[in-house]
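A.B. asks: Single-letter residue listing:
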Amino acid sequence: MSQATAAVQTDTHAEHHEELSFLYKYILPVDHKIIGMQYIFTGMIMAIIGGYFAYAFRMQLAFPGELVPLYGLVGPGEYNMLVTNHGTIMIFWVAMPVLIAGFGNFLIPLMIGCDDMVFPRLNRLSYQIFLVSTLVLITSFFVAGGGFGGAWTSYPPLSSVAEYSLTDWGASLWILAVALEFVSFLLGGINFITTTMNARAPGMKWMDIPIAVWFIVVAVILFMASVGPLVAGAVMLFMDQRLGTTFFLPSGGGDPLLWQHLFWFFGHPEVYVVLLPTMGIVADIISVFSRKKLFGYRTILYTAFATGGLSFIVWAHHQFIAGIDPRVANVFVVTTVLISIPLAEMMFSYIATLYGGSIEFKTPMLWALSFLASFLIGGVTGIYLGASALDIYFHDSYFVLAHFHYTFFPITIIGMFAALTYWFPKMFGRMMNETLGKIHFWGTFVPFNCIFLPLFLLGLAGQNRRVYNFQNYPDLAKQELQDIRIFATVSLIVLLLFQFVFIYNFFVSMFKGEKAPNNPWNANTLEWSTSSPPPHGNFKILPTVYRSAYEYSVPGREKDYWPQNEPPE
Amino acid sequence: MIEYFVHRASSFAGDIDNLFLVITLIIGFWFFLTFGALVYLIIRFRRKEGVKAQYIAGEKHSETKWTHYPHYAVIAMDVVIIAINIMVWVDIKQTLPPRDNLVRIIGQQWSWSFIHAGPDGELDTQDDVATVNDLHVQTDKTYHFELQSRDVLHNFSVPAFRLRQDAVPGRTISGWFKPTKTGTYDLQCAEMCGYGHGIMGAAITVHSEESYNTTMAQIQNGTYESHFQKRKGTKTKFPSNTSKVDDEDSFAVLLASVF
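In the order they appear, the protein sequences are chains V and R.
Read in numbering that gives the first Met the number 0, the first sequence has 6 at position 7, and its numbers run on one by one without any break.
Read in numbering that gives the first Met the number 0, the second sequence has 61 at position 62, and its numbers run on one by one without any break.
Hints listed in this document are in silico derivations from the structure and should not be mistaken for laboratory results.
Cβ atoms here follow ideal geometry from the backbone N, Cα and C, with glycine treated the same way.
Warning: the hint list may mix true and false statements.
What the hints assert, rightly or not - Partial chain V-side listing against chain R, Cβ under 10 Å, derived: (1) 162; (2) 321; (3) 350; (4) 359; (5) 396; (6) 434; (7) 438; (8) 442; (9) 446; (10) 559.
Using the sequences and the hints, build the whole thing.
C.D. replies: Right, dumping it as structure tokens:
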């Protein structure tokens, strides 16, 4: 498209974005930025609830049977409810809304240079359904019998029969909330894919799209392709619970393993659904703060496709010893270990990006680098668990728990802080305090390792997950193991306390921080070419793109960055 | 490494520990290499005044070899891991060596029932010995087990044996183990099974032949004080009003009346 036509379009489009009343601007918005922030704020509130749950059950493990300050007594039923909903909240109500829906909404139109999502009202509906699902989940904690306590994987028959789970309505509302949430993200996902395919700024070719956008789109495609079986499974589970069908009950001809296949067919791609957005965000941040072109843009992109494709054929590694035919396991060992190939290549490319750079340790960069370091531990320990024979020992032990927290904590929490600190100036037009940001970083990263590294040892000692009190088992009640539990719990409390630094920094900077320039990090991507915060409609003149997103430190140029929309001389 | 934490009490425990060691060596090498490269690059290329970053696209062969060559090595090591793993897996889960004895293990909310086959080595005969939360086996005998569940999923987990297997209602899952070291070990439920999941433990006692015969005789004439009974009077804190045992069809109650 020529520049002239672009300019003509811009004029007509500017007229559409007049000032809106408070209600339509913030409560019922169609603006993708506000919707994105609604997702992010909802996710952050849920993260506080999830962290509080973690605090309560970690206290019970460290000091079994004692009253937990700010919670009360954690009995076996409460313990099950706390671990179940901690997992559910952190994956479905923090990682998904913040990383995909939140930053996806906020970033995609800004980074591809268009004025809004192509289906703005669908976007609003998506958030509203998500909000309903959140309320349903929170309601489920308070119904008679308490919240659902059958683990976040909710294996039937425990989850499908009220006499077994003892949480009649808790279980039903839980599965209802999860199903509603998926409906919401399906609506959002259609929007993300369509927008990226059709609404890119003139001149932006597929290979000019920033990795952050690419990876969100790949994640959304993975999500949409995998979620169908789970929604079907959720409906079947709900019918088992409320209508007395027996899809998962052997006594009625059903099969409990069916649910596991449906769940993990979704559940394993889901890992990459939340991983890829963070990987993309980290790629952009690393590139900006090391002033380097991304090492092997195409390689990184293709490894993401390969990872996504492989993730559909590895699901049964969660079921090696679940009663499936042992011969099947051999196939899934091969596919599972194969996933290390694209992911190792991706990791190597990220690390190679640092070579020859000029690395500046701003807070977002610290988060991004710490993501690489900690995700590396999560990745390599996954090899142990992909090996079926070792899974005989490690299945559902604390080794698994430590492993996936070393993937999910970096993905969700570190990724969220990296993205928030990086795009904060663009979101609110003000800078965050660097000193407080660094205090918060070290106060989170060090205790995080102090929590989960010792848990690997507990896993080696044969400690199983989801047990509310290890004093019942003579081999696990030893004092030295109890000391490890206490150490992990104390580290968690330190970590949680340091989050107050972030909350303070976040809100004070939002209103009182130093005014942010349009492009505080000297970055190339399009969102930095508009004002901070961007107006409704994003750009005064819709940008035209001339080059890829990662032209940093190009030889022969005085400036070490070259914005995508800057016309060539 | 696992044996520093847990006893090694079955014939295949050593295989699993060795597999763990092999994988630790391989991925340990990769971890320290990658982590070292990361830390080195972060320190080496930190921002210095007047030093401009290099322009490397990472598309030329001379550049991509730095990520591709390690990558080929990763593939080679993957093949090693897969091969060793499948050997161990086939031994433990896919083949059933000839049995010396047989035991049926039944999980239910929230206890384990064990039916020992008795001297004739067959189940469902007169000489079966049934116990609750207390499994007795002989050292150096190959045991087959039939794992069943009466309600929800459970998992028969004996860390000292490096053994774990889900119990699925409606199915009988067979497997085997061969205890090698006498002693009493923890047996846990390792699959979330509801309110009492955290107390669904049992003891597995590996006997020498002599002590096994004495114990079995004691159980049959009712003089044996089981692990379950010993625990009853001890300090385990568990709210008493939460038992959902249904007296009519509870297998545990039925079994208890056998004594």
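A.B. asks: Determine for every hint whether it applies to the structure shown.
C.D. replies: Structure-based check of all given hints:
no.: 1; hint: 162; in the structure: holds, 8 Å
no.: 2; hint: 321; in the structure: holds, 5 Å
no.: 3; hint: 350; in the structure: holds, 5 Å
no.: 4; hint: 359; in the structure: holds, 5 Å
no.: 5; hint: 396; in the structure: holds, 7 Å
no.: 6; hint: 434; in the structure: violated, 18 Å
no.: 7; hint: 438; in the structure: violated, 20 Å
no.: 8; hint: 442; in the structure: violated, 20 Å
no.: 9; hint: 446; in the structure: violated, 20 Å
no.: 10; hint: 559; in the structure: holds, 6 Å
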